[in-house]
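**Student:** The residues making up each chain are set out below.
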Amino acid sequence: MSSGMAIVTERGVLERLLASLAQAPGSLVPTQPQWLKALRGQALERVGALTLPTTHMEAWRFTNLSALSRQSFHPLHTPTALKSADITHLHIEEATTRLVFVDGVHAPQLSSINARAGLVVGPLSSAVKTHAAVIEQHLGQHAAFQDALFSALNTAFLHDAAMLIVPPGTALATPVHVLFISTQSDVASHPRVLLVAGSGSALTLIEDYVALHQDTYFTNAVAEVVLGANAQVEHVRVQRENDQAFHLASCAVSLGAASRYHSASVALGAQISRLDLSVLQTGDGAECALDGLALIGDQQLADTHTFIDHAKPHGVSRQLHKCIVGGAAHAVFNGKVMVRPGAQKTDSAQSSRNLLLSSKALVDTQPQLEIFADDVKCTHGATVGQLDSEEVFYLQSRGLPEAVARNLLTYAFGAEVINRIPVASLRRQLEQTVLQQTTGQL
Amino acid sequence: MVQNSQTLLEVRGLCASVNGIEILKGLDFTVKRGEVHAIMGPNGSGKSTFAKVLAGHSAYQVTAGEVLFEGKNLLALAPEMRARAGLFLAFQYPIEIPGVGNSQFLRLAYNTAQAERGHDELDPLEFDDLVREKMKLLEMSPEFLERSVNEGFSGGEKKRNEILQMALLEPSLAILDETDSGLDIDALRVVSQGVNHLANKDNAIVLVTHYQRLLNYIVPDYVHVMSAGRMIRTGGKELALELEERGYDWIEAEAEAAGTLS
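Residue numbers (the numbering used here), protein chains in the order written: chain A, 1 to 442; chain B, 1 to 262.
With the rest of the complex left out, here is chain A (with noise of 0.2 Å):
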């Protein structure tokens, strides 16, 4: 931390981050739509209104952004130029289509589009030539940045982004990888996605955040994700940015008549992180099952926030969050399900599952149903523990190291929400991420 700065704001990070936005890229973009200018300017608006969240926040109570407040981010100056062999460690085999971001910024060199019938997946410049009247009207509609800043912030800076349109009743064989990399320290990155999977049709987007240096900067992330009826989305979303990185992120989906929505979320990486997941249903019959493991050790922090809005009948969600906390570690959940006034026969049930793996590790859960139909089935739950002495002494008895033993139940308390992954590449990377992170924790 550097110790020149004197007197510190609470907008400090934000004034310096906004003084910068002049000569942001794209800052000065005459080729973009004038909505799209117009929706920049409203999101800029509430950036100006917004406050940093602090503690006395109830949604902010357990995050502490003051470590965030005192630093200096801007954004990138000078492109990272990344050559394909750089990255050909971070592909995802499975992923024929692969869309780069290098610091917030689209790398068409690394990026691989297969072209297909009729999907359109490219950097928001070239896609809002050709489909702008399906961007405009979802673009910046689904997250909501009133009274949100970071989607603000996201929002006002918006110029490069992942889009993907799947067109109705196209169902795609292989995942695409939006793949976001971080470079250089210091800088202040607003990865955004938008995906509008067509009614019936059928998608697995794998959202990535890496980093390929050791220094800090600041992810600053929204995703929203549109499903029509009957559409089909496996979401994986994974958070694996080095330990010193700030992971801000939001994702806010839609949920068509029968649409089905699957989200796996693992966080692995920085020192704090912090995802806004929201679901609402606009259709009757929607599912949404809702995977997330944290996995977290030192002085990390990871916050997940979590919104299901049964606002139709006929729903059903299903979630499990997992936390692994070693170290001084902090993992947050807040799980709140929300069933409507006419939402009946909704089927709903949440489940929280937290492992401390030492003394000073700490998880804060809470669980929240709020139901406004009397015609519905929902029930919720949190455990926090420890490993199973039981578990640890019958492997011990087979021969394996105590060591060994903890290692492995730890491994599998969170293998159960990797194993949801529907991508078998990336199961393996993760599961040999686990592994190690675990070991080294212990």
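What the hints contain is simulated information worked out from the structure, not anything from laboratory work. In this text the structure is predicted, and so the values were computed from the model without any measurement. Glycine included, C-beta positions come from ideal geometry on N, C-alpha and C. Do not take every clue at face value.
Chain A side only, calculated, beta carbon under 8 Å to chain B, not exhaustive [said to hold, decoys possible]:
(1) E45
(2) E390
(3) R398
(4) G399
(5) A403
(6) L408
(7) A415
Once you've looked at the hints, dock chain B against the given chain A.
**Tutor:** Showing chain B alone in chain A's frame:
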């Protein structure tokens, strides 16, 4: 043969407690290679505690006595070192471990034992051949390899999985803690055949059981009666039949009269 007469396990005056309550109160017990022992006794007599103390469960504190395993101080060893030295406990209630694949677990345990003996470890393919062969002995479907350790297994399937581990680890002393409980007659036959197949002149088996019926399948050389934390009677296999008929009260009464029960 000299080998046959070698003492494998020697327990002298063993006292152990859990949460400050004394369960084992001066227990003596000797096992030689090639022998099969049965330990019977009423509920709460300390049979399962004895098995867990031998395996090294940390919930039990040994307060007095000694245990020699192949002449070495067993109580000084961590549970995993006891296992590697050749001690095996088949659990009364095998633990379910969701997320750990059964074949991964079995291979890890097997390779740990192999390394301890200075033998080569097996890779997943080689191990697969071996474990499938052993599973035939217990009439287990290979499907159990794909599942998590004991997760969703029936009582009988869990017990078979325990004996499968015994078959892989080839312990010199196997303690089977109520392996017969919860088994139907067919499963009892299969599990017993498996155990009999594994018994030889160099190893020994200790059966902890409530019921005589197991001893129709695995015939013991000695039957011991345990009561209030001690062995109060030792006899041949016919003692089990007598217990089946007459219960434990008469033996306890006789022991009390003789002053061996406090």
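**Student:** Hint numbers the structure violates, sorted upward?
**Tutor:** 1 and 5
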